[in-house]
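**Student:** Protein chains in written order, with our numbering: chain A, 1 to 81; chain B, 1 to 81.
Mixed in with the good hints, there may be bad ones.
Here are some, though not all, of the chain B residues that point toward chain A, as calculated from beta-carbon distances under 10 Å [stated by the list, open to error]:
id	residue
1	S41
2	N54
3	N69
Since the hints were made in silico from the structure, they are not lab data. For each residue, glycine too, the CB sits at the ideal point set by N, CA and C.
There are 2 protein chains.
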Amino acid sequence: MSKNKATVFVRLKDGVLDPQGLTIEKAIKNMGYDMVNSVRSGRFFELELGGGENSKEKVTEICRKLLANPVIEKFEVDFDK
Amino acid sequence: MSKNKATVFVRLKDGVLDPQGLTIEKAIKNMGYDMVNSVRSGRFFELELGGGENSKEKVTEICRKLLANPVIEKFEVDFDK
């Protein structure tokens, strides 16, 4: 049985306000670090896959249905063995 | 002025319970996808850096002080230009 891993990165779409990122950006600046221009936040999920057919297609389906909100978020999947 | 980007990945340490990951894992299984063995969740932050000296050291400091909870989380920084 093959042991694969998929990492799903979920980001807000460009143009969607990211309050968490903005708050962190302000906090960083208040701490005196002036070299940080902007911060965007995101989530990721590491899926351990037990093999099987069409794993890639299925993971993409899972992202669309469960892990990302397609209205405001975009996702990206990295597959590695 | 150089334009660099740093991506900070924050994960729960091994052995620390990940309720969000477990909930997603159950949801995926309930949806009928049986090829997913486990799910771990994490957060990431994309920092746009305006250059300056010791950026790498400063970003590591920011992670330790603000972005990760060192008691239960570990972080990893990727720098790219």
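**Student:** Now look at each hint and say whether the structure bears it out.
**Tutor:** Results for each hint:
Hint status for S41 of chain B: holds, given a least beta-carbon distance of 5 Å to chain A, under 10 Å. Interface restraint check: N54 of chain B against chain A, minimum CB-CB distance 9 Å, threshold 10 Å, status holds. For the restraint placing N69 of chain B at the interface with chain A, the shortest Cβ-Cβ distance is roughly 14 Å, beyond the 10 Å limit, so the hint is violated.
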